[in-house]
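**Student:** Okay, here's what each chain looks like letter by letter:
2 protein chains.
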Amino acid sequence: MNADDVRQARAYLLRVAEPPAAALVAFVAEHGPVAAAGRVRRGDCPPDVLKVTEARRGFDLVAQDFARAAEAGARLVVPEDDEWPAWPLLALDLAARRGVAEAVPPLALWVSGEVSLGAAADRAVAVVGARAATEYGEHHAAEFAYGLGVRGVPVFSGAAYGIDGAAHRGALAASGVTVAVLGCAVDAGYPAGHVALLKRMVGAGGAVVSEYPPGTPPARHRFLVRNRLIAALTEGTLVVEAGRRSGARNTASTAGALGKVVMALPGPVSSGMSAGCHDLIRDARATLVSTVDEVLETVGHFGIAEDTTRRPKRRTDRLGPEALRTFEALAVRTDRSDSEIAAESGLPLRRVRALLPELELDGFAVRGEAGWRRRKESA
Amino acid sequence: MNADDVRQARAYLLRVAEPPAAALVAFVAEHGPVAAAGRVRRGDCPPDVLKVTEARRGFDLVAQDFARAAEAGARLVVPEDDEWPAWPLLALDLAARRGVAEAVPPLALWVSGEVSLGAAADRAVAVVGARAATEYGEHHAAEFAYGLGVRGVPVFSGAAYGIDGAAHRGALAASGVTVAVLGCAVDAGYPAGHVALLKRMVGAGGAVVSEYPPGTPPARHRFLVRNRLIAALTEGTLVVEAGRRSGARNTASTAGALGKVVMALPGPVSSGMSAGCHDLIRDARATLVSTVDEVLETVGHFGIAEDTTRRPKRRTDRLGPEALRTFEALAVRTDRSDSEIAAESGLPLRRVRALLPELELDGFAVRGEAGWRRRKESA
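Quick note, the sequences are listed as chains Z and G, same order. Letter by letter, the first sequence follows residues 1 to 379 of the working numbering. Letter by letter, the second sequence follows residues 380 to 758 of the working numbering.
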């Protein structure tokens with residue numbers, strides 16, 4: 001299977017149905033992108049797929065999409081790429097199996113920015129909130145994003161006015177990685193007042209991401225569909241300010257449905273913009289956080305809940321994400337079996353079996369009678 | 380047993396050991412107040428009781444205590460009185476059995492104010508917080524207490540400057556019942572700036588309560604000991620503002636240990652005076668509340684989470700507290716046995732057995748094959 005064919009097929013598939021197209025995604029998973037695209041093009045597909053692709057299947061805008069994307073400095077990242085954020089997006093597959101309707105993985109993502117999308121989405125935190133934010137909200141959105149940036153935690157948001165913009169700016173001020181996930185194409189120039197901000201983010205090692213083909217204008221329903229990607233691409237979502245009906249609450253509830261961490265910032269009880277946050281906390285749908293360290297503690301970040309500028313280098317810093325995950329799944333005092341470690345780490349059993357001997361060679365793990373344990377000096 | 384003898388004995392016992400004197404309370408429970416007082420006076424008691432009473436057992440200040448109390452308009456309320464708040468204070472006994480060290484019931488309480496202490500403590504809410512409160516905290520303490528007062532919910536607090544004072548004033552403004560529980564005698568004139576406020580509370584149908592004999596000056600440890608009474612005499616405690624080491628957190632943790640509802644008001648994350656509240660909420664030791672209705676919902680008040688001024692009279696309004704409790708313990712669709720109802724209501728079995736036929740006569744309960752159920756038209 002030619003990599004270019006795959007990319008072309010996925011670009012076609014992204015355009016042929018409005019996301020999230022669960023039936024189409026399932027069809028692609030079954031047949032592979034190239035065969036699926038061919039069959040959709042010919043109308044040779046099950047009725048539910050036909051129904052959602054009927055209107056656009058005749059359009060062949062793939063070449064044009066790539067040309068427009070290149071003009072905007074964007075590329076198409078596909079699940080077959082190494083940089084695909086497979087681990088965070090796995091939450092969508094798992095939630096879909098649990099019957100969460102909106103949990104449909106993207107078929108591919110248009111990305112502006114040189115950063116690897118997988119690296120940007122590694123242990124990232126979403127900072128979201130209302131457009132009609134107060135000074136209090138914007139101030140703290142910027143402060144929290146700054147604090148995350150300083151600690152090397154990528155900050156995702158939606159590029160909207162209000163909390164989103166303040167979060168991106170705060171992360172930029174810390175020279176942190178910050179990523180905007182849009183409800184329109186990466187070249188849509190929306191919101192107009194944030195075009196320069198988005199350019200600055202891309203230039204500073206961040207990214208602008210969208211599953212919508214070049215030229216797609218913003219739309220209300222697209223913001224809601226986009227919210228699932230902000231939730232899925234991060235470990236946790238912090239709602240800074242939200243009215244009782246804010247879209248940020250939608251991101252929060254999606255994050256919760258995906259099994260991600262949901263956090264909310266409290267504020268004055270007299271502020272309608274904190275009312276949504278207070279509801280989330282009161283109903284135990286979000287954990288209250290009042291400092292950046294609490295954010296890191298809540299998402300369960302390993303060893304970064306401190307000021308990294310003063311932190312001595314850890315030996316585990318050089319482990320890849322899967323190796324680190326495997327290492328973290330080891331107990332210090334008791335042996336664990338391969339399958340226990342797989343369950344604990346969330347990694348496939350065969351991957352765990354490959355990684356454990358590597359961890360042993362590197363001095364992180366010891367083989368015991370009943371399985372594996374952490375090597376003490378490594379902690 | 381003469382009622383005066385009991386009152387005299389308990390006045391003596393209150394003075395003979397510094398509360399909370401667990402060994403003495405147990406001794407009194409075993410032998411009754413009159414016999415226990417006699418034996419303590421003679422030094423004829425177990426070593427642990429002797430130890431805590433040795434220093435003061437020779438003092439006979441009972442007549443003087445009653446004279447000073449009368450001068451201050453106070454009376455001694457004892458467990459043998461009908462107005463004794465036995466139900467709320469039961470939490471202390473239950474917690475003591477679970478091993479909560481500070482959960483020692485008071486031997487009696489000095490009370491200024493004509494209100495029945497039992498009535499004042501019926502479904503009351505404590506509103507507490509830091510002395511060094513902010514304008515935000517004082518404003519909301521007063522607002523919440525006002526809202527509770529309007530809805531007929533008694534407000535308890537500790538008469539300190541800051542949040543406590545604001546809470547008492549707010550309840551007064553609503554012509555609500557408000558009760559101060561002191562860490563000194565009711566006649567100690569403390570805090571000096573609140574003497575007029577305390578007098579106003581007593582005059583307006585509220586009360587000032589203390590387990591310390593007349594003349595006892597305030598002391599740091601007495602405030603902590605007093606906090607258990609604020610927690611015990613109410614259904615729930617709302618912490619309005621608290622620094623990370625505030626005494627209000629002590630009241631909150633005691634309330635939690637007693638199985639009472641703990642609530643906290645959120646505030647700006649930049650405010651050190653909200654930090655204690657945020658910690659309580661974050662650690663799930665308190666429920667976030669941002670409105671008075673949420674307070675009532677959280678303490679589980681039956682039918683008063685609305686504006687009582689617009690509420691039509693309920694038939695159950697005329698039930699006494701124990702009858703109401705028994706009624707609430709009935710299910711609508713299934714029969715419950717006497718002992719199930721006793722367990723559910725927290726009332727003694729013999730009391731439940733006496734009340735059920737009364738509820739039947741009044742049309743609130745029906746006798747079924749397997750026990751009792753609620754009569755439908757009564758809901």
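Just so you know, the hints here were simulated from the structure itself, not pulled from any lab data. You may find that some hints are simply not true.
[To be verified] A few chain Z residues facing chain G, derived, Cβ under 10 Å: (1) HIS140; (2) ILE281; (3) GLY368; (4) GLU369; (5) ALA370; (6) GLY371; (7) ARG375.
[As the list claims (entries may be wrong)] Chain G stretches covered by chain Z per the calculated footprint, using a threshold of three residues with CB under 8 Å from any CB of chain Z: (8) 420-426; (9) 543-555; (10) 731-739.
Since this is a predicted model, take the numbers as computed values, not measurements. The C-beta atom is built at its ideal place from N, Cα and C for all residues, glycine as well.
**Student:** Against this structure, judge whether each hint is valid.
**Tutor:** Hint by hint, here is what the structure shows:
Annotation: HIS140 (chain Z) was flagged as interfacial toward chain G, and the flag holds, the nearest CB pair being 6 Å apart, inside 10 Å. Taken as an interface hint, ILE281 (chain Z) checks out: its beta carbon lies about 5 Å from the nearest beta carbon of chain G, inside 10 Å. Because the beta carbon of GLY368 (chain Z) sits about 36 Å from the nearest beta carbon in chain G, more than 10 Å, this interface hint is broken. The closest approach between the C-beta of GLU369 (chain Z) and any C-beta of chain G is roughly 39 Å, which is over the 10 Å cut-off, so the hint fails.
Interface hint status for ALA370 (chain Z): violated, as the beta-carbon distance to the closest one in chain G is roughly 35 Å, over 10 Å. For GLY371 (chain Z), the interface hint is violated, the least distance from its beta-carbon to any beta-carbon of chain G being 34 Å, above 10 Å. The closest approach between the C-beta of ARG375 (chain Z) and any C-beta of chain G is roughly 33 Å, which is over the 10 Å cut-off, so the hint fails. For the segment 420-426 of chain G, the stated coverage by chain Z is not satisfied: 0 residues place a CB nearer than 8 Å to a CB of that chain, which falls below the threshold of 3.
Judged by the Cβ-Cβ criterion of 8 Å, the segment 543-555 of chain G is not covered by chain Z as claimed, because only 0 of its residues qualify and three are needed. Given as covered by chain Z, the segment 731-739 of chain G fails the check, having 0 residues with a CB less than 8 Å from a CB of that chain where 3 are the minimum.
The structure does not agree with the numbered hints 3, 4, 5, 6, 7, 8, 9 and 10 stated previously, though it agrees with the rest.
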